[in-house]
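Engineer: Using the sequences and the accompanying hints, generate a full structural model.
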Amino acid sequence: MTEEEWTAVRLSLLVAVTATAASLPFGVAIAWLLARKRFWGKSLLDTLVHLPLIMPPVVTGYLLLILFGKRGPIGAFLDQAFGIVFAFRWTGAALACAVMGFPLMVRTIRLSIEAVDTKLENAAATLGANPLFVFATITLPLCLPGVIAGAILCFAKSMGEFGATITFVSNIPGETQTLPSAIYTLTQVPGGDAAALRLTAVSIAISMAALLGSELLARRVGARRVAT
Amino acid sequence: MSLEVDIQHTRGAFRLAARFTAEPGVTALFGHSGAGKSTLVDIVAGLIKPDRGRIAVDGQVLVDTERGVFVPKHRRRVGYVFQDSRLFPHLSVQQNLVYGRWFARGDRQQDGAAAGNFDSVVELLGIGALLDRRPDSLSGGEKQRVAIGRALLARPRLLLMDEPLASLDEARRAEILPYVERLRDHAGVPILYVSHSVAEVARLATTVVILSEGKVTAVGPVLDILPLADSGDGGSVLDATVARHDEPFQLTVLDTIAGELQVPRLSAPVGASVRAYIRARDVMLSLHQPQEISALNVLSGKVAAIAAKGAQADIRLDCNGAIVMARLTAKSVERLALAPGRPVHAVIKSVSFERS
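So the sequences go chain by chain: A and G.
According to the working numbering, the first sequence is numbered sequentially starting from 1.
According to the working numbering, the second sequence is numbered sequentially starting from 1.
No wet-lab data here; the hints were simulated from the structure.
Possibly wrong hints are sitting among the right ones.
DSS-like, lysine-lysine: derived pairs with alpha carbons at most 30 Å apart [what the hints assert, rightly or not]:
1. K302/G - K349/G
2. K49/G - K42/A
3. K49/G - K119/A
4. K215/G - K349/G
5. K349/G - K331/G
6. K309/G - K37/A
7. K49/G - K215/G
8. K309/G - K349/G
9. K331/G - K302/G
10. K42/A - K119/A
11. K215/G - K119/A
12. K331/G - K309/G
Please read all numbers here as calculations on a predicted model, not as lab measurements.
Structural biologist: Quick look at the structure:
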């Protein structure tokens with residue numbers, strides 16, 4: 001493999017890991033809100049979270065460009081206030097991947113939180129645990145396999161995200177050219193087939209490794225829970 | 001401690017309106033299923049917010065809807081033992097036990113109280129051998145004992161027990177009851193005990209609150225209240241002391257204010273107090289002192305009241321001040337011409353005994 005190909009692989013991993021790690025706390029928090037709380041605007045929040053799943057990725061990417069671009073309302077503010085720039089940077093690719101993977105992550109975690117018996121949470125509360133402690137010691141450990149599954153789904157989605165990423169941050173080698181973008185570019189040039197095939201193989205290998213890893217992790221968590 | 005409850009709560013078509021004060025010891029909340037017992041206990045624990053009313057433990061207000069007070073469940077220090085033990089499946093027995101202790105650290109209870117001390121609670125409940133096990137490897141009875149220990153170690157001011165034995169079979173119940181008795185006598189924590197079993201209430205309770213269709217119909221000491229309980233297996237409770245053992249016949253003679261009772265040999269020593277529970281349907285009535293019958297126990301008394309229910313009638317007898325209930329057919333009542341004030345002899349076919 002050439003240096004450019006390795007760069008694309010490394011960048012893809014960096015983008016996917018960043019997207020997953022950065023969105024996981026928000027994913028868990030929103031999944032918990034949707035699973036356990038009743039509040040005004042709940043359906044609106046639910047719809048908003050799911051929007052990237054049902055909209056064409058290009059539309060999501062374009063909306064990100066409008067909002068988080070250098071002159072977009074949020075992008076301009078973040079740039080001036082914190083010096084955070086998303087436009088045409090790998091961080092922008094991570095943002096696009098996080099947004100696209102978010103609904104998958106939230107859905108999975110929400111289901112696993114709903115599967116935790118509220119009776120156990122009530123029992124913990126009568127023993128003196130405040131809501132945050134109940135969540136940390138009872139809810140989270142019991143829904144951990146679901147959290148892992150949600151994170152893996154988001155990671156896999158990030159590894160494969162193409163439409164929103166290329167629309168938002170373009171296809172700059174070394175900065176925003178992730179695996180799918182690199183494969184797409186290679187298929188557009190004569191003689192790029194061999195390289196495209198190599199990257200495809202790498203892509204498959206990473207996806208399968210992620211899936212296997214999550215299975216093992218979930219099994220270990222599950223085993224710890226039923227161990228006698 | 002005292003628990004004051006005066007609440008109203010409506011859920012769908014069910015209306016709960018309960019008002020009572022519980023004194024130290026075990027207060028039994030007694031009633032049929034659907035009477036509102038569990039709802040009432042959930043309200044005391046803070047799991048349900050009542051529509052209206054006031055709850056106070058030792059004068060500290062937990063709920064007062066008029067003044068807008070509602071102490072959240074995790075700040076009430078009210079221990080709760082659920083019917084389905086609700087142990088945390090991902091934690092070991094030991095971790096389950098100490099879960100609540102963490103939050104109770106700040107406020108030490110008075111010295112000498114066994115509640116809150118890990119070793120004495122483990123010893124009291126006989127769970128020392130289970131500490132490293134996981135909840136799903138425990139039997140139903142073991143789970144309940146661990147659940148009781150977990151609640152105690154959170155140093156509660158009040159312990160709620162919602163039919164803690166209902167999900168267990170007879171043998172497991174017999175295994176746990178002595179532990180609950182030891183708890184009552186040694187842990188120094190007042191208990192609100194929900195049950196629909198007359199035998200359990202007779203054995204454990206100091207005070208009984210009878211709940212029927214969401215309303216408190218009677219409150220008072222167990223000996224006075226239990227005979228009034230409108231229950232399927234109505235009966236009466238007699239306080240007794242062991243007078244002597246009749247070794248050749250393997251019998252024990254008990255003294256009660258109603259008279260002597262002879263029962264199969266008890267293991268209790270002479271002088272020990274026991275509580276005798278006599279089911280209403282195990283009592284026959286005779287107008288004359290019965291002669292040459294097999295039953296050993298005949299108490300003399302007067303009919304105090306008759307409550308007719310269709311083909312059956314519950315007769316309340318006053319035997320030298322003690323209440324004994326008898327359940328007869330309406331036909332028998334008419335044949336014997338029973339009426340309040342009429343002297344009768346109660347032939348008792350069997351007595352069940354619980355140590356107290």
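Engineer: Now tell me, hint by hint, if it's right for this structure.
Structural biologist: Hint-by-hint comparison with the structure:
1. Taken as a hint, the K302/G and K349/G pair is honoured in the structure, with Cα atoms around 19 Å apart against an allowance of 30 Å.
2. Our distance criterion of 30 Å between C-alpha atoms is met by K49/G and K42/A, whose separation comes to about 23 Å.
3. For the given pair, K49/G sits about 16 Å from K119/A by alpha-carbon distance, which is consistent with the 30 Å threshold.
4. Annotation: proposed proximity of K215/G to K349/G is violated, straight-line Cα distance about 34 Å (limit 30 Å).
5. For the hint pairing K349/G with K331/G, the CA-to-CA distance comes to about 20 Å; that is within 30 Å, so the pair holds.
6. At roughly 49 Å between alpha-carbon atoms, K309/G and K37/A are farther apart than 30 Å, so this suggested pair is violated.
7. Distance hint between K49/G and K215/G is fulfilled; the C-alpha atoms sit about 18 Å from each other, no more than 30 Å.
8. For the proposed pair K309/G and K349/G, the alpha carbon gap of about 22 Å is at most 30 Å, so the pair holds.
9. Using a Cα cut-off of 30 Å, the hinted pair K331/G and K302/G holds, with the two alpha carbons roughly 19 Å apart.
10. Distance hint between K42/A and K119/A is fulfilled; the C-alpha atoms sit about 23 Å from each other, no more than 30 Å.
11. A C-alpha spacing of about 26 Å is found between K215/G and K119/A, which places the hinted pair at or below 30 Å, so the restraint holds.
12. Taking the CA atoms of K331/G and K309/G, the gap is about 12 Å. The hint holds against a cut of 30 Å.
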